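A.B. asks: Knowing the structure of chain W, use the given hints to seat chain B on it.
Each chain is listed here by its residues.
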Amino acid sequence: MIEVEDLTKAYGPVTAVDHVSFTVNPGEILGFLGPNGAGKTTTMRILTGYIPATSGTARISGFDVFEDSLEVRRHIGYLPEVPPVYPDMTVSSYLDFVLRIKNIPADKRRARLDDALEKTALGDKRNELIKRLSRGYKQRVGLAQALVHDPDVIILDEPTVGLDPKQIIEVRHLIKGLAGVHTIILSTHILPEVSMTCDRVVIINKGKVAAIDTPQNLTAQLKGGQKVHVDVAAPEKPLTDLLSKIPGAKQVEVSAHPGGHLTAIVESAPGQDIRSQIAAKIVESGWPLYELRGASLSLEDIFLQLTTDDAAHAAQPSN
Amino acid sequence: MRSVYAVYRKEMGHYFVSPVAYVVVAVFLIVAGVFFRLYTGLAIQQSMEMAMEGMGSNTDVPGEVLNAFFGLLSTLILFLAPMLTMGVYAEERKRGTMELLMTSPITELEIVVGKFLASLTLFAIMLLPTALYVSYMCFHSEPRPPWAVILTGYLGAMLLGASLLAIGSFISSLTESQLIAVVLSFGVILILWVLDFAVRGSDSVAGQVFQYISVIHHYDDFTHGVIDTSSLIYYVSVPILFLFLTVRSIDSIRWRRA
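Top line first, the protein sequences correspond to chains W and B.
With my numbering, the residue at position 78 of the first sequence is 78, and numbering never jumps.
With my numbering, the residue at position 94 of the second sequence is 94, and numbering never jumps.
Honestly, I wouldn't trust all of these hints.
So, partial list: chain W residues that the calculated Cβ filter (under 10 Å) puts toward chain B [stated by the list, open to error]:
#1 Ile51
#2 Val85
#3 Ser93
#4 Ile155
Here are the computed lysine to aspartate or glutamate pairs in the EDC-like style, where the Cα-Cα straight-line distance is at most 20 Å [claimed, not checked]:
#5 W:Lys206 / W:Glu81
#6 B:Lys94 / W:Glu81
#7 W:Lys250 / W:Asp273
#8 W:Lys119 / W:Asp150
#9 B:Lys94 / W:Asp88
#10 W:Lys131 / B:Glu11
#11 W:Lys131 / W:Asp164
#12 W:Lys138 / W:Glu170
#13 W:Lys119 / W:Asp152
In case anyone wonders, no lab produced these hints; they're calculated from the structure.
The structure presented is a predicted model; accordingly, all values stated were derived computationally and were not measured.
Ideal Cβ positions, reconstructed from N, Cα and C, are used throughout, including at glycine.
With the rest of the complex left out, here is chain W (with noise of 0.2 Å):
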């Protein structure tokens, strides 16, 4: 369905997308995770043929995003990080002017609308000025306006930022709801949205791709360094000595926590799960135990992990 194929982008001196390739099969959702400049956005609005690449191609539906960019932009909506819409119109009016710039024929637009309007649940404000309606809601508009016109391929650029936590739940309800008869991509930051509502993620930093899987096979791969926190009220000394005879504890971090107990972090070795040991431990010696969970990965420890490796192979040469 769309096919990326060495696709860079230089503004200048600097390379916003380098020589990114990935293909996203027919109703997959694909996930596009990276920290802000990473250049999400960018690769995003090459695909919908709002600007050209510097070098390489990008197909959808078979079209080149360059060369046949008007079919492109017939096969695909969109949505950018701000919702293009227009305050002074009702949410109706609005979306009716979008069908109407896709070419939807007058016959199709009134069922087209109506679908949309349900699928986004904006049902009861449809008569509303835009303008007048929160930000969740506007994001909302905004969705309803990239699939309106039923495209093949639906491109999401953070679509869930800027909304509150019951909202989110319910974008990525739509989303999930979508895929099958639409290809999506979406872009991201945040982890958990990937393996929630994703089939596929192309992690990106620095305009390069650093990893394309399912977030299974990711998560698996990624299980390399699990971290543990322990909340204690215990001498600092004993409690690092205790915590780092542990048998898989690699390293054992101390500081003082603000109730007046300590904070440990235990990094174990990949694959080995040692919190019922440290909990066993610390009950045994009698102190108050306050906390002890699993911390999750960040995106942060991701991308440590996924470009430690690159950036240890370009420093030896060059020293």
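C.D. replies: Frame of chain W; chain B shown alone:
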């Protein structure tokens, strides 16, 4: 064509909910009305004074009024046209809706033509009520002034408006700021305006060229009931040139950073 209509429709809707359009049209109609009353009163008074001094009443009152009124129209258009076009592209760029238009199956030319036709329609709507003032005067004057002068006068005003709206739209497409757009448009139009005064009376080639470029020079013929082909060509070429430049300018957004 359908896309042009979609853009046109949206723009018209936007004008009719925009306070800017209402204020501009209202100011235009009030100022035009006040001056029309003033000119009429002045011309009548002048003709009566002349009659009383025994010089005979051969002042063409409606003719004088029309002449002065169409002159005023051009000045008002100069001030107000940039305000009608300042937001046409600047606002779309600022709001990010340009990204929607440019990723939809619609060409830049369709966007530009749709927006231009909408601004021209609003301009015509703004001009239309002044025809009432003029008609009222004509029906009450004896002999009636020739309709041709009135028609060519309005044709001239529309053509002048089309040129200024096209220039204003082009400048609006260069920036994200409406304020910059309006100031810059006003400056450019004013320079094109005064070129005529600057070289008046000069017979040099440069003088003639400047005079031809001046946007107001060609307007005078129309207010006198004359349709000069060279003026007509001028007023058709300027909008086409600037609409073309606008298309290029929008397209260039794709190649810029941001």
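A.B. asks: Does each hint hold? Answer for all of them.
C.D. replies: Here's how the hints hold up against the structure:
1. A hinted interface residue such as Ile51 of chain W counts as satisfied when its beta carbon comes closer than 10 Å to some beta carbon of chain B; here the least separation is about 5 Å, so the hint holds.
2. For Val85 of chain W, the interface hint holds, since its Cβ comes within 10 Å of a Cβ in chain B; the closest pair sits about 7 Å apart.
3. Annotation: Ser93 of chain W was flagged as interfacial toward chain B, and the flag holds, the nearest CB pair being 7 Å apart, inside 10 Å.
4. The restraint placing Ile155 of chain W at the interface with chain B holds, with a minimum CB-CB distance near 9 Å, inside the 10 Å limit.
5. Proposed proximity of Lys206 of chain W and Glu81 of chain W is supported: the alpha carbons are some 19 Å apart, at most 20 Å.
6. Of the supplied pair hints, the one linking Lys94 of chain B and Glu81 of chain W holds, its CA atoms being roughly 13 Å apart against a limit of 20 Å.
7. For the given pair, Lys250 of chain W sits about 12 Å from Asp273 of chain W by alpha-carbon distance, which is consistent with the 20 Å threshold.
8. For the suggested pair Lys119 of chain W and Asp150 of chain W, the alpha carbons sit about 12 Å apart, so the restraint of at most 20 Å is met.
9. Proximity of Lys94 of chain B to Asp88 of chain W is assessed by CA-CA distance (about 15 Å); at most 20 Å being required, the pair is judged to hold.
10. Note on Lys131 of chain W and Glu11 of chain B: the hinted pairing holds, with a Cα-Cα distance of about 17 Å set against a maximum of 20 Å.
11. The hinted pair formed by Lys131 of chain W and Asp164 of chain W meets the criterion: a straight-line CA distance of about 19 Å does not exceed 20 Å.
12. For the hint pairing Lys138 of chain W with Glu170 of chain W, the CA-to-CA distance comes to about 14 Å; that is within 20 Å, so the pair holds.
13. Restraint check for Lys119 of chain W and Asp152 of chain W: satisfied, since their Cα atoms lie roughly 16 Å apart, inside the 20 Å limit.
Violated hints: none; the structure is consistent with every hint.
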